[in-house]
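> What follows is the residue order along each chain.
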Amino acid sequence: MILTELEKKEAVEKSRRILSQNGSSKNSLIPVLQKIQASLGYIPPEAMREVAGHLGIPAVEVYGVVTFYNQFRLTPPGKHQVKVCMGTACHMKGGNIIMESWERVLKIKTGETTPDREFSLERVACVGCCTMAPVALINEKVHPRMTPTGVDGLYFSHQLANQQKKEVVSE
Amino acid sequence: MNNQNNAAERLEILRSRALAHRDSLRGKTVVAVGTATCGRAAGALEVVRTFREEIERLQVEATVIEVGCMGHCYAEPMAFIFKPGFPGICYGYLNEGLASRLVQDFLVEGDPCVEFALAANEVNDLVPTFQDFPRGMVEQKVVMEHCGFIDPENIDHYLAVGGYGALAKSLDMGPGQVIEEVLSSGLRGRGGAGFPTGKKWSICANAAGPTRYIICNGDEGDPGAFMDRTILESNPHLVVEGLAIAAYAVGAAKGYFYVRAEYPLAVERIRKAISQAEEYGILGRSVLGGGLSLELEVFQGSGAFVCGEETALIASMEGEPGLPRHRPPYPSEAGLFGKPTVIDNVKTLSYVPRIIRNGAGEFKNSGTEGSPGTAIFALAGKLVNTGLAEVPMGATLRQIIYDVGSGIAGNGSFKAVQIGGPSGGCLPEETLDTPIDFDSLTRAGAMMGSGGMVVLDQDDCMVEMARFFLDFTQKESCGKCTFCRLGTKQLLGILERITKGQGRPEDIPLLLELAGEIKAGSLCNLGKTAPNPVLSTLKYFRSEYEAHIHEKRCPSLMCKDLIAFYILPEKCERSCDACVGSCPVEAIYSNEDRIKVIDQAKCVKCNSCLVACPPQYRAVVKVSPPDLVAGKGGENDERKS
Chain A
1 MILTELEKKE
11 AVEKSRRILS
21 QNGSSKNSLI
31 PVLQKIQASL
41 GYIPPEAMRE
51 VAGHLGIPAV
61 EVYGVVTFYN
71 QFRLTPPGKH
81 QVKVCMGTAC
91 HMKGGNIIME
101 SWERVLKIKT
111 GETTPDREFS
121 LERVACVGCC
131 TMAPVALINE
141 KVHPRMTPTG
151 VDGLYFSHQL
161 ANQQKKEVVS
171 E
Chain B
1 MNNQNNAAER
11 LEILRSRALA
21 HRDSLRGKTV
31 VAVGTATCGR
41 AAGALEVVRT
51 FREEIERLQV
61 EATVIEVGCM
71 GHCYAEPMAF
81 IFKPGFPGIC
91 YGYLNEGLAS
101 RLVQDFLVEG
111 DPCVEFALAA
121 NEVNDLVPTF
131 QDFPRGMVEQ
141 KVVMEHCGFI
151 DPENIDHYLA
161 VGGYGALAKS
171 LDMGPGQVIE
181 EVLSSGLRGR
191 GGAGFPTGKK
201 WSICANAAGP
211 TRYIICNGDE
221 GDPGAFMDRT
231 ILESNPHLVV
241 EGLAIAAYAV
251 GAAKGYFYVR
261 AEYPLAVERI
271 RKAISQAEEY
281 GILGRSVLGG
291 GLSLELEVFQ
301 GSGAFVCGEE
311 TALIASMEGE
321 PGLPRHRPPY
331 PSEAGLFGKP
341 TVIDNVKTLS
351 YVPRIIRNGA
361 GEFKNSGTEG
371 SPGTAIFALA
381 GKLVNTGLAE
391 VPMGATLRQI
401 IYDVGSGIAG
411 NGSFKAVQIG
421 GPSGGCLPEE
431 TLDTPIDFDS
441 LTRAGAMMGS
451 GGMVVLDQDD
461 CMVEMARFFL
471 DFTQKESCGK
481 CTFCRLGTKQ
491 LLGILERITK
501 GQGRPEDIPL
511 LLELAGEIKA
521 GSLCNLGKTA
531 PNPVLSTLKY
541 FRSEYEAHIH
551 EKRCPSLMCK
561 DLIAFYILPE
571 KCERSCDACV
581 GSCPVEAIYS
591 NEDRIKVIDQ
601 AKCVKCNSCL
611 VACPPQYRAV
621 VKVSPPDLVA
631 GKGGENDERK
641 S
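So the sequences go chain by chain: A and B. The opening residue of the first sequence carries number 1 in my numbering; numbering runs sequentially from there. The opening residue of the second sequence carries number 1 in my numbering; numbering runs sequentially from there.
Extracted from the complex, chain A is given alone in its bound form (with noise of 0.2 angstroms):
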């Protein structure tokens, strides 16, 4: 994916920002690294590069950071991000049919954005839900006992609510 100038500047200056606040210790690398995903979204190479400079690393160990634990992303997120729970009880229940029906319903495979930059998709290891399995995630809000249907359904009731949006806009 590739980012505007606008968004590479956004991300220096809110990296810069969030690294003022900051000690330069290499024990605040995660912490930093979590703070500047909070703001941004995503942790693009110019806000690694700004860590490396903070931190007096090079910039490598900080990309072998990012890229090791699976929380951070290097792309934007799309305004929905769904997640769908691979965990032990929603897989036994279905969440592979749930994660198919996403990337049927959205036209992206697991771990892309929509070119709108609407929707991203992703996989995460259980979040906990078990007993309502197979859960997906929009944002943070969690949705139980998911079916193909129902993927059908929230994705079209975003779209109606955008599409209500654009209306009350455009009247």
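It should be emphasised that the hints constitute simulated quantities derived from the structure, not laboratory data. Predicted model only: the values in this text are computed from it and were never measured. There may be inaccurate statements among the hints.
[What the hints assert, rightly or not] Some but not every residue of chain A turned toward chain B, in silico, with C-beta under 7 angstroms:
id, residue
1, K26
2, H54
3, Y63
4, Q71
5, T75
6, A125
7, C130
8, T149
Ideal Cβ placement from N, Cα and C applies to all residues, glycine included.
Based on these hints, arrange chain B on the given structure of chain A.
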């Protein structure tokens, strides 16, 4: 000595204030809604809002509070209503409509709506109590005693039930005595390995150097386990107190909560608990007004399963990728930043306050000789009553599954129980009378693990189960040891082939050989236990592997490549379109006789039509191997020609 008396006195002041607050609620109506993550997923926040709005609208005198989870997750959202003149009554399966009805009928008109009641908190003539349930005979709540009954975001609630009393008592006993008490209680680490906690503490306390650290391991990564999350969300102060006592015992001035980033609510509640305890002078520069200083902090994990392993956890806190290192030296001698560090699981620490308060003897009264105390299991899968169960060690799997979990949901029959997550194994029917403790489970071929228990029925394929766990460990392997990094990939490849119907006769011996080598060639427990799911399913369910390999058939009708969906023409009710509407890919059409037919080329095998077909028809079936469909009349071939 003066200092210590001071601590007890200070706590007494705090407690009497908390009790006064609680007594002010006596004689008033209180609605306590469970809003832990499981409750929220089921809609608990909407229920809370409805209760508040309706109470406001109807001008009822009642307080709505949010509490944690009692462990009855199957019935979420749940609420306890305490109304003077009635026992505390618990209602389950709530929604907005039911909540507003309870306000109108019960709070206003005084009809407790027993038809919606789940249980009561005391013996009465209206509703049975939880003790009257079959699970009441088995369960024994020690750690979860207050979960779901106190407001986790209000320290006064914890103080009112005797909270932080054990910390004050510890300060009075002195560190040596505290360790002695934990040692003699026989408490073993509940993270899975079962190392004696007191021994770990005393090694750390005796290690050289003035700086020591203490870490609470809340990196609960096992898919299928959610005990730590529930405790952190429902009674965070209990864990804070346990950690504070441990810190005092080993002489640490700084402690950390390492909590998964996937548990935002647990992180928030622990942070709140720490800051409340600091505000009350229970933590901080001067613990309970004495000379002890203790600073606690939350460190959020970043989604790496291997970080549940203690040396990997330490690496991640030091800003490194979470790679485990060789032990010894154990962290209790050289851990975080090279300093002696004690790392204890959430559940382990949760037992500590009670052991200190009531003595080691009480703790040893339950459980078995080698594994005293209770065990907490997260029950999930094909059970009627999913949720959390706290039972004494030594209870059998059968008791947990059939008494606590009320058996298999639907008309299913029990096939296996998966214990211990990706490191554990699948145990079949004949092992159900195995008593649960650290040693017996290992002997049976599973392991205690952190306590996730997923129950499987006849529709679950054991090869697919093994493939799922291998897929998980293969992705989560940190890559340090070759056998774990590449060996798990090979194992996974073979299992994938088998589930796709491309298995070869030599695959089973190959799996066994590779499994042994991965176990021998890995540094940490992730690799050492990674082949367990394969080994245990091969031991107990070998015939399923053989059916996949030799007959290209999945006996449980689960492996997608080996099944097909088919509509029985003689059972199809022609005027019903339920399956057509349910299909997400428009693969179902009506033939000239208006009988529904599945276009096998389009079908994505999502199970929707099977669920949608009304129970009086049951016309949709799964068949394996898939070419059986062609033999059943071949509707599809007809259409193609």
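> Run every hint past the structure and note whether it holds.
Results for each hint:
1. K26: holds, 4 angstroms
2. H54: violated, 12 angstroms
3. Y63: Hint violated; A:Y63 Cβ to chain B Cβ min 11 angstroms, cut 7 angstroms.
4. Q71: holds, 4 angstroms
5. T75: violated, 16 angstroms
6. A125: Hint on A:A125: holds, closest Cβ of chain B at ~6 angstroms, below 7 angstroms.
7. C130: holds, 4 angstroms
8. T149: holds, 6 angstroms
Consistency with the previously given hints fails for numbers 2, 3, 5, ordered from lowest to highest.
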